[in-house]
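Novice: Counting from 1, one number per residue, gives the positions in the sequence shown under this note's numbering.
These aren't lab readings, by the way, just hints derived from the structure by calculation. Keep in mind that a hint or two might mislead.
[Unchecked claim] Calculated pairs, DSSO-like style, for lysine-lysine (alpha carbon to alpha carbon, straight line, at most 30 Å):
#, residue 1, residue 2
1, 94, 120
2, 120, 71
3, 136, 103
[To be verified] Have a look at the derived ranges for each label pair, beta carbon to beta carbon:
#, residue 1, residue 2, range
4, 133, 60, 37 to 47 Å
5, 58, 142, 30 to 40 Å
6, 58, 109, 31 to 41 Å
7, 112, 63, 30 to 40 Å
8, 161, 109, 16 to 26 Å
9, 94, 56, 17 to 27 Å
10, 134, 109, 16 to 26 Å
Glycine included, each C-beta is placed from N, C-alpha and C at the ideal position.
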Amino acid sequence: MSAPRRRPLLPLLLVALLLLLVCEPTEARRGGRRRGGSRRNRFGNVPIDGMYRNPSAKTYYMNPNGAQISKWSHFESEYILGSKIVFMCTATGKPRPHISWYKNGIEVYAHSFFQITEYKVGSNVTVSRMEITPAKQKDAGFYECEADNKYAVDRRGFRTDFIIQME
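Make the full structure from the sequences, and use the hints.
Specialist: Below is the structure:
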């Protein structure tokens, strides 16, 4: 009888190590800024201690002209079915940032129930407003506004859910 073949352990260990490096642990997060860290430490790939492996990375991540969201809607809101939901997002940057809206990770475009309006203020500020009229049960979810220009991308999220008003 021949001895059973053993599988090499090294490839399995390499795959497990690769998965640990690629997959970041998920963390519960509600809108707004994370606690602690610097103002630009919102993507998880910027080191907290400010030390970068590559010297050019610091100028990339800490660029003062990068898109930055300065004002945004509440991090959690409830709405009454049939009412109007309004989300606001204000971003600054040079060049002027573009603002996109997402619901549950999928980009939202204007249509008959979603009206998206964008205003340009001064030379480097963009204000975007998204209205949902009339609000339905399917409008509940996690919404995000994303501001981007050639130097940076910034994203803020907020959760919304419906309530049933009893009279």
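Novice: Each of the hints needs a verdict: does it hold here or not?
Specialist: Each hint tested on the structure:
no.	hint	in the structure
1	94 to 120	13 Å, holds
2	120 to 71	15 Å, holds
3	136 to 103	14 Å, holds
4	133 to 60: 37 to 47 Å	41 Å, holds
5	58 to 142: 30 to 40 Å	32 Å, holds
6	58 to 109: 31 to 41 Å	36 Å, holds
7	112 to 63: 30 to 40 Å	39 Å, holds
8	161 to 109: 16 to 26 Å	23 Å, holds
9	94 to 56: 17 to 27 Å	20 Å, holds
10	134 to 109: 16 to 26 Å	19 Å, holds
Taken one by one, the earlier hints all hold for this structure without exception.
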